[in-house]
Amino acid sequence: MTTQSNLAVALRRPVPPMGGFSLTVLRLEVRRLLRNRLTMFFAIVVPVIFFLSFRSSAYVHQRIGRGNETAFELISIALFGAVFATATGGVMVSIERALGWSRQLRVTPITPAAYIAIKMLTSLVIAAGAVGAVYLVGLAINQVLMPTAVWIITGICVLIGSLLFSAFGLFIGYLLPSENVTGILSLVIMFCSAAGGLFIPAGSFPHTYMVVAEFTPLYGLNELVHYPLVGGAFAWLWVLNCVIWFGLFVLGAAWKFRRDTDRV
Amino acid sequence: MALRIAAPKYVMVTMPSSSPAIVQAFEDGGNEVIAVQLRDVYKSFGSVQAVSGVDLTIRPGEILAFLGPNGAGKTSTIDIILGLSQPSAGDVKVYGMKPRHAIAKGLVSAVLQTGGLLKDLTVGETVTYTSQLFAVSRPVTEVMERADIAGISDRMVGKCSGGEQQRLRFAMALLPDPELLLFDEPTQGMDVEGRRDFWQAIRGDAERGRTIVFATHYLEEADAFADRIVFISKGRIVADGTAAEVKALASGRTIRATLPSADALSLHAIPGVDQVEIRGETVVIHSGDTDAVARRLLNDTSARDLEITSRGLEDAFIALTNDSIPEFAADRRASQ
Ligand SMILES: Nc1ncnc2c1ncn2[C@@H]1O[C@H](COP(=O)(O)OP(=O)(O)OP(=O)(O)O)[C@@H](O)[C@H]1O
Ligand SMILES: [Mg+2]
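Here the protein sequences come in this chain order: E and B.
Residue numbers for the first sequence follow my numbering, beginning at 364 and rising by one.
Residue numbers for the second sequence follow my numbering, beginning at -12 and rising by one.
Rather than coming from a laboratory, the hints here were simulated on the basis of the structure.
All values derive from a computational prediction rather than experimental measurement.
Just so you know, even glycine gets a beta-carbon here, dropped at the ideal spot from N, CA and C.
Some clues are possibly wrong.
[Unchecked claim] Under the rule of at most 25 Å between Cα atoms (straight-line distance), these lysine-lysine pairs were calculated in the DSS-like manner:
no., chain 1, residue 1, chain 2, residue 2
1, B, K106, E, K619
2, E, K619, B, K146
3, B, K146, B, K85
[Stated by the list, open to error] Computed list of chain B residues with no C-beta within reach of chain E, every gap over 12 Å:
no., residue
4, G70
5, A76
6, V79
7, R133
8, D135
9, I139
10, R142
11, V144
12, A231
13, E232
14, A256
15, A279
16, E294
17, S297
Start from the sequences, fold in the hints, and give me the full structure.
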């Protein structure tokens, strides 16, 4: 009974630690992403153009907290670029679904949580490209005023915060067919950015609009990433907003990934 | 080969660190592990009944082919074994565990019928990527050699031919050194040579005694590689036997003759006859030795207009699904 005794050994095989999360896989995913030049190009160029066209010379002399209005604007557009980038990275899973890759992954030990973590970290690479480009342009035009520490801290906050929309992109990517997913994604991001005060600061919203805006997914994040610059009163509601939306997006993505076993 | 579909009684076996999952894998009357156990499994998609009441026990080391026409339910059955779809009713155990758990331990892997590759990775990157997902994996170079893709390691997957992509899928499936390997129509769309090379690669890796299950349309493929063939049609197992038994079923020829007032019983009594059908004045007889039967018909009865045709697999399927169950299938049903 050698087959049987071999089997007895085999049945005690372990499951992979951390659900199959691996740095090698992360590296390969990043390499895949970098091969997608067009996506990288748009992710970097669009926010730079937005920043250059929204900028007004009147902003330069308006002080806000520890800097000026242009710095405030810079952070807003960097956040917009970062969430656009991570969401684009996330939504690319819809192509993988169409190729049957997620079905293939379901016959390997990797867990939804590990895969989603890998995908989110991967999308940070495009976000870093977008934030880096906007900040470099900001430095170059020489009109952005804020202390060096605030440059760095806000950059990091924007990057980490953009993971929220990586989860959103993954969720949408698993939810919708790949044909119409990019259009819907752009619409939602534009809406959330406007409602979150990324284009026009939420402080200037009319009251009724404000009530709704506070519950949208970019509102809390936008307030948080500006906090190192603006200072003043801190609201835990901002954090709560981020945590709840993040939780919903991740759970949604994991739930859809788990069930994504349809044939292609 | 005896097919038993008795409800197993689980027994405790004493074994170091035996988890409940391991204990469940052992069947009554010994400590034999069952690779796959399907019990009265149904799967429906809306009004389509893809699998209807499949009972199947696959033992370790078996090489089993699911043979059946398009839409028979082969892929649906394999999906259920892999945990890719949940049965609408019935129970499925793989090594005594839920399919997902067996996959997490790297006990089961599969080459699926469609898709499953990223076009923007190279062949080598795809194998490396997949190897990282298992707790324990065979070396990447080893499986690439096994699957004969070591030479195209740097090629983009999107640029590979169908046969190369299939060998890549095979390499990926070999990584965890699985106890059970499933192939869903692995040679679909390959030419004769590609098909031969592919099976050669599988054979080259099979000496370890792993359990292999594959779906195919081709009797020759099932015959050449499987030692057990399970005929599926309309979501049911209509025959289950050795390759020789199934071949006998699909081989043989059909005699069609005009014979007024034929008597089924006496026609059945002719040596070599295994199926008789009477449609008005026409009789249709299936036999492994049509020459002898024809001689008897012409000599001893008033049969005329004899016509002898060979019966292909497709006809065998039709015969099986029309409930005129040939001998061996009927025996098997009775013995269940
Ligand atoms: N997701 C689905 N929705 C609706 N019907 C389905 C679905 N998947 C399978 N079916 C139906 O279930 C039946 C069995 O399909 P299945 O793919 O299991 O057959 P198969 O034996 O693998 O066929 P083939 O040889 O063509 O691969 C078919 O009638 C098919 O149309
Ligand atoms: Mg199929």
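We went through each hint and held it up to the structure:
{"no.": "1", "hint": "B/K106 with E/K619", "verdict": "holds (23 Å)"}
{"no.": "2", "hint": "E/K619 with B/K146", "verdict": "violated (30 Å)"}
{"no.": "3", "hint": "B/K146 with B/K85", "verdict": "violated (37 Å)"}
{"no.": "4", "hint": "G70", "verdict": "violated (8 Å)"}
{"no.": "5", "hint": "A76", "verdict": "holds (19 Å)"}
{"no.": "6", "hint": "V79", "verdict": "holds (14 Å)"}
{"no.": "7", "hint": "R133", "verdict": "holds (18 Å)"}
{"no.": "8", "hint": "D135", "verdict": "holds (20 Å)"}
{"no.": "9", "hint": "I139", "verdict": "holds (18 Å)"}
{"no.": "10", "hint": "R142", "verdict": "holds (14 Å)"}
{"no.": "11", "hint": "V144", "verdict": "violated (10 Å)"}
{"no.": "12", "hint": "A231", "verdict": "holds (23 Å)"}
{"no.": "13", "hint": "E232", "verdict": "holds (24 Å)"}
{"no.": "14", "hint": "A256", "verdict": "holds (45 Å)"}
{"no.": "15", "hint": "A279", "verdict": "holds (44 Å)"}
{"no.": "16", "hint": "E294", "verdict": "holds (42 Å)"}
{"no.": "17", "hint": "S297", "verdict": "holds (35 Å)"}
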